[in-house]
Amino acid sequence: MNTVDEILDFAIEREQQAADFYSSLADRAQSAWMKEMLLSFSQEEMRHKGKLKSVKLGDRLLKADQHVQDLKVSDYLVDIEPTADISLQDALIVAMKREKAAYRLYSDMARTIDDPELKQMFLGLAQEEAKHKLYFEVQYDDQIMRDN
Amino acid sequence: MFEPTPQVDLSSGKYLKLWQGPQHPGITGNMALELTTMGDEIVDCKTHVGYLHRGFEKLMERRTFIQNFPIVCRIAVPEPTFNEYLYAAVVEELTGIESPERAEWIRTLNLELMRLASYLMWLGGIGAAFGQGTVYQWTVTHRDYILDLFEEMTGARVYHMYIVPGGVRGRLPEGFEERCNDVLNRVEKLLFDVEKVLFNNFVFKKRTKGLGVIAPEMVDQYGITGPNQRAAGFVRDLRRDAPYLVYDQLEFDVITATESDAYARSWVRYQEMHQGIRMLRQCLERTPREGPFQARMPNVLHWEVPAGETYVKAECTRGEYGYYMVTDGSEYVRRVHVRGPSYTHAIALMEKLAVGTNIADTAGLMVSLHTYPPEIER
Amino acid sequence: MSTATDLLERFGTNYRISEVNEQKADLTFFKVPKDQAVRLLRELRDDAGYTHLAFLTNIDYIERGIFTLNYMLHNYDTRHTLGMHVDLDRDNAEMESIHNMWAQAATYQRELREMYGIRFPGSPRLDDDFCLEGWDQIPPMRKEFDTAAFSLARFYSRDGRGTEDPREHMKQQLYPTHTDDAPEGGN
Amino acid sequence: MKDMDKSFKKDTETEFPLREEMRPHQVTAPDGQVIDIDPLQDYFCQEPPKVHAKSYFKIVEDFYNWARAHSLWILGFGTGCGAIEMRPLMTPRFDAYRYGIQWRPTPRQANLLVISGYLSVKTLKRAIRAYEQMPAPKYVVGLGSCTINGGMYWDSYNTINKFDEFLPVDLYITGCMPRPEVLMAGVLELKKKIKEGRADGANRYVENFEWYKANQKRVIKNWNMPDYNW
Amino acid sequence: MSLKDLISPFYVWQRAFEKPYTQKRPIEDRPGAPRYRGFHMNSEDCIGCGTCESICQNRAIDMVPVEGLEQRPGDSGLRPRFDYGRCCWCALCVDICTTRSLHLSNHYAWVTEDPDAFHFTAGTDPMPWNENSLGYRRDDDYHLLVHDRIEMEMLGPDESVRGFDEVMKGYTEEQAVLEADRCVECGICVATCPAHMSVPDYIRSVRKRDYETGLRLLYETNPFSSTCGRICTHRCETVCVMGYQGDPIAIRFLKRAIVDRVPAERYREILGDDVSDNGRTVGVIGAGPGGMSAAYYLRRLGYGVTVYEAQARAGGMLRYGVPSYRLPDDQLDKDIDYIRSLGVEVRFNTLVGRDVTFQSLLDTHDAVFLAVGLNQPSALRINGEEHPRVLSGLKVLDDVANGLDPGIGRKVAVIGGGNVAMDAARVSRRMGAEVTVLYRRRIEDMPADPDEIHESQAEGCTLVAQAIPVEIKPAASEAQVTIVWGEAEMVADDKGGRPRPVLQEDRMHEETYDCVIAAIGQGGQIDFIPSDYREQIEFKWNKFVPGDYQQTGLAKLFVGGDIANSRADAISAIEDGHHAARGIHRFLGGSADA
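In the order they appear, the protein sequences are chains A, B, C, D and E.
Counting along the first sequence from 1, when you hit position 135 you're at 134 in numbering that gives the first Met the number 0, and nothing is skipped either side.
Counting along the second sequence from 1, when you hit position 268 you're at 267 in numbering that gives the first Met the number 0, and nothing is skipped either side.
Counting along the third sequence from 1, when you hit position 101 you're at 100 in numbering that gives the first Met the number 0, and nothing is skipped either side.
Counting along the fourth sequence from 1, when you hit position 160 you're at 159 in numbering that gives the first Met the number 0, and nothing is skipped either side.
Counting along the fifth sequence from 1, when you hit position 64 you're at 63 in numbering that gives the first Met the number 0, and nothing is skipped either side.
Hints were generated in silico from the structure; no laboratory data involved.
Wrong hints could be hidden among the right ones.
Unchecked claim - With a cut-off of at most 20 Å between alpha-carbon atoms, the simulated EDC-like pairs for lysine to aspartate or glutamate come out as follows:
(1) D:LYS192 <-> E:ASP113
(2) B:LYS13 <-> B:GLU33
(3) E:LYS472 <-> A:ASP78
(4) C:LYS23 <-> B:GLU92
Quick caveat, the model's predicted, so the values are computed rather than measured.
All chains, please: the whole structure from these sequences, using the hints.
Printed below as a string of structure tokens:
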């Protein structure tokens, strides 16, 4: 990956994979409710993909320098193996962990690369994933840990 | 007791019907005298009241107990505070609420200040009725300084709405004592001036001595109370005979006279003003500065007073002022009757005393009886 | 201080005295039948020292169909006050006049005539206007007379008013669908 | 309205009889001559009121208005509570005389009627008579809340609510009760209005005479006086 | 006549040499006294409760909507409008003002030609005196209202931890009347109450000691009055106008005061037991407050109602989640038995999805109301969670409710800050354990009822705030467990939500307990709805999104209770049930507004 476009293509591809992951999970879900949830996760990923596409077309810029709060919720939660009868809590944990992994990936890449433009791009993508993670963390905090 | 008026044949041409009022010079408020005169002499007098009738007793029956508190003071315009106090007292008696000591002192202060203001108004009236306009100018101005004190203490000049069932509405303002003492000193100085100018005035003496003599036996027959009664030689004063508020802790003299004419009545009132100033000074000194001034009250919005009836009276400037209240345990009062001393003074007594006097003296006679029509009609 | 009890014992044999209520040390209320009232008043005035008629008034007990006159008498020597109640038939209220005993009674009787419609035969100027002039309604102090409705009908009220109940207003604004028009639950 | 119960009816021949001295009667003069008198006819002028015309020249009218504004003579007829706050105005402290204001005992000498508060029906009748007897141009000031919308006596069976239905009012002063200072401010405001030539209450009264009379007769049941008595 | 009498009057001349008394400028020289009762002012604190209107004996005050004023629960959006053709400046409105927003200025002059001009809305209309700082204010020591709540007798903490006796003893009749007397009957609370109960009316019936009327009023909107009189979250009290200067009215306990005075046997006599049958049936899933409330109102409307309940007894979370020292079983039975006595059939031990299919319910009934509640405890999902000494709060409460021993030991940690956590903690105290509550946020953020937090502290539970559990480890003994937790820092939420805790990895603690009770939240279990209906039903996270009448896109399905609202309390569930009954009646062609 040597150009900004290539990086973006890679990122877009990753978002697509995530969307596919959730929708295939949804296909297997038995209850109306979890199916709905997983599809909405999938749509969320598709929206991210759309956002990256517009970055690629130059309609939008990724900001690398903004501060995104890390609630560290996912840090101390266990890993979950996604199954067809997954619960909402577990689905959210999976989502948080996935976003966190993506964040780590882009951050590591940014560290290993020297080209300032590309570095900037990776950092921007990392920030973007951090935001997604925050979104899921907040939902976990609000929906699952209501009383804690 | 009741003497029928002599038959007056208007068509004889000897008599003239003359109406005085309702804008009557002898009175605060409106009231008409229907005089039948023969020459200058009055042979028959009928009173006509009702120009100020607002139906208070009816209005009070359809207002809650707290809603009655602002309206009662309107019953007697120049002396509203007595209504406030009596209404509060009658409700307190029926509910068993006791107003705190501090409130009792402030109430006494308020009532005596009102008495002084009311007497000053009256003093101006009697001066004006006998051609001494200067006295009127002096006393009404000084009354205004007392109204200033009221404004400062209660928030209004005339309708104070300060004595609320359960206590009073606020503490005395800062520095009130000094300002009140200052006004009292000025009023006292004025009173000595008035004595020289009015009571030592030979014109005044000539016209008032022997005018409207109330014979002692008439006092009970006509239900005469207050200074009018004391001027006839009776030593009766509710403040001493049935002490309310803190009057049992105050030093004052019951002023009496024996002549029982307009001059004697005026002189009794004049001296009572001095007694009033004496009491006010005691009040200012002894009113507690600390402590509650309102008893613990229920929620006044739906205040149900237990069923019962009572009569509470107080000595106002004109005599026995009383509130008779009947309650039936609901949020509304069953019946209130306000007993104003003017009721008998201005109607039965006036109709009797006016006969035989002349037209020029009716105004002075009426002022000397000190009557307020609003408390007759309510 | 049982002036009142003494007194009632003294008169109790000759008069049917009932409903004695010692409201406070110097105030007692009692009831006496209509036919004995004036005789008792005279005796109280002449023999018992109750020389001062503070006032005469009436209480309307519409639900019981009676008027209760209250004669408030005061004794200056014992400083005791007596409230004498006399029940009258509300629909045909008539009472013996006492204008010959106290001069101001005539005025009170005029007022009661005008305000409640009670007749006191023989009382002077009884039917003259007292407070009211040109009154064409039932006597205003009777409980069935609605002064607010009358005032609205005759004197009108200025336009430009209108109020909302906070509770109803909030209901309309915040949860309009939550209504139970058909009776259900409870009753 | 409810029919009047028979038992409440006062023992009089008609519902609202004329006072004895107002009925037609005969009087014997000192010289023995017998004179027939019908007071309602004889004591009052029956002429209907007329519009008080403005002067043809504006400068003259302005001069008149200036003069009128500086001699407001108040009829000393306190109708309600507010009368008690008019008294201090006559004393040195407020000294209304310096503004050309003074109190007169008779309507014939006054051109300003201050309705100082509530008006019972009985007083309303007298106030109307007093007003009609005042010479035009004349002014009316409503003092206190009661004159505006009934004030605290809004539900009383004996006090009117809207004073402007009965007499033309030039100015309202709210308060219960208003301080003397407000009455003073009101009078100064009235002066301004007079000077501008807008205080035409007397003419409004004449122009809407029928309406005012109808309102007056609606509440005053025993009218027994001529329609216009000046 | 003496010579003195002749000369003395000439003394009058002496005063001619005095300084004049005249005010130079009579209008400007004398402003109103500092306490003068002049014209009205109203501050922004006004909430439009209308108490000023009710005390005004002149009917001089109208409550009118003000343009641009945002209406919200606790503020009626109305403001007092004064008619100065009526006002008498008694200032009772100032004295009674519940928020102390109303004042009088010392301005007193208003002269105009137009008699219709004397109206204004204080505080919002631009009046010349709005900036006045002087004028009448109510004195601090003068009250026309009773600001202090009548204290209810309750078991002391020493006594209460010894057993499961009800802690709050209820008002005596005298106390209840005194407390009810404090109410100003403004009705602001009605909008905030999820069930919109007619609070002022039933408080009035307490004051009048007319409990039959009171009970009828309660049942108009709430068939769980005995229950709600004890454990309601009393949102109404948070907006009670009496709370602005003192304590809010104890609305919840006054409700209880009514039901406490009506024996269960008289319910049918007072409320009536005449229910017709309109031949249509409704199935209700879940016999909790939502389901039973719907069942009650539907039965009243003539529907045949069958309730499907997974457990052996009715009441749902009220039965299994609320310990008996807060809500004794017999009180819950009082409510439920009356509903059942009207002919509501409850099928116990019938779990939808296991014993009967969702589809069959849809087929057999004319409508289905679903109120299964949130009964699945959220897992901690931290390492070591599967340790046998980690219990769920709901399970503990459930065991206690069923008379089983949850086996908690002597030293207990409770994780969470909601009502379930508090209940678990207090139950543990009653079983003799030493209790520590670990909560991720601050104590003021706790979703539990403040009374419960307060009482649990009084009973000796230790509350540790800002503590995030990170790991569970086996302890030396098998009967024990070690929990690792870290301190948290609170960070503000950008979007205005409650502050969120962030773990501080450098400040970790380790502690060993006999057991750890997790009560961090609950989720719903609605897997029995086949995925085919996904298109018709709208979800948001783990909840339904119902329509105006609790309906869903699936024609026959109505939903309510914790699973369908964000408040997740009993009273909201009760209202959902009631409202769904209205909706079902409406959708099945009943009266449009019923």
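Structure-based check of all given hints:
Distance check on the hinted pair: LYS192 (chain D) and ASP113 (chain E) sit about 13 Å apart at the alpha-carbon level, within 20 Å; holds. Distance check on the hinted pair: LYS13 (chain B) and GLU33 (chain B) sit about 16 Å apart at the alpha-carbon level, within 20 Å; holds. Note on LYS472 (chain E) and ASP78 (chain A): the hinted pairing holds, with a Cα-Cα distance of about 17 Å set against a maximum of 20 Å. Taking the CA atoms of LYS23 (chain C) and GLU92 (chain B), the gap is near 10 Å; set against the 20 Å cutoff, the hint holds.
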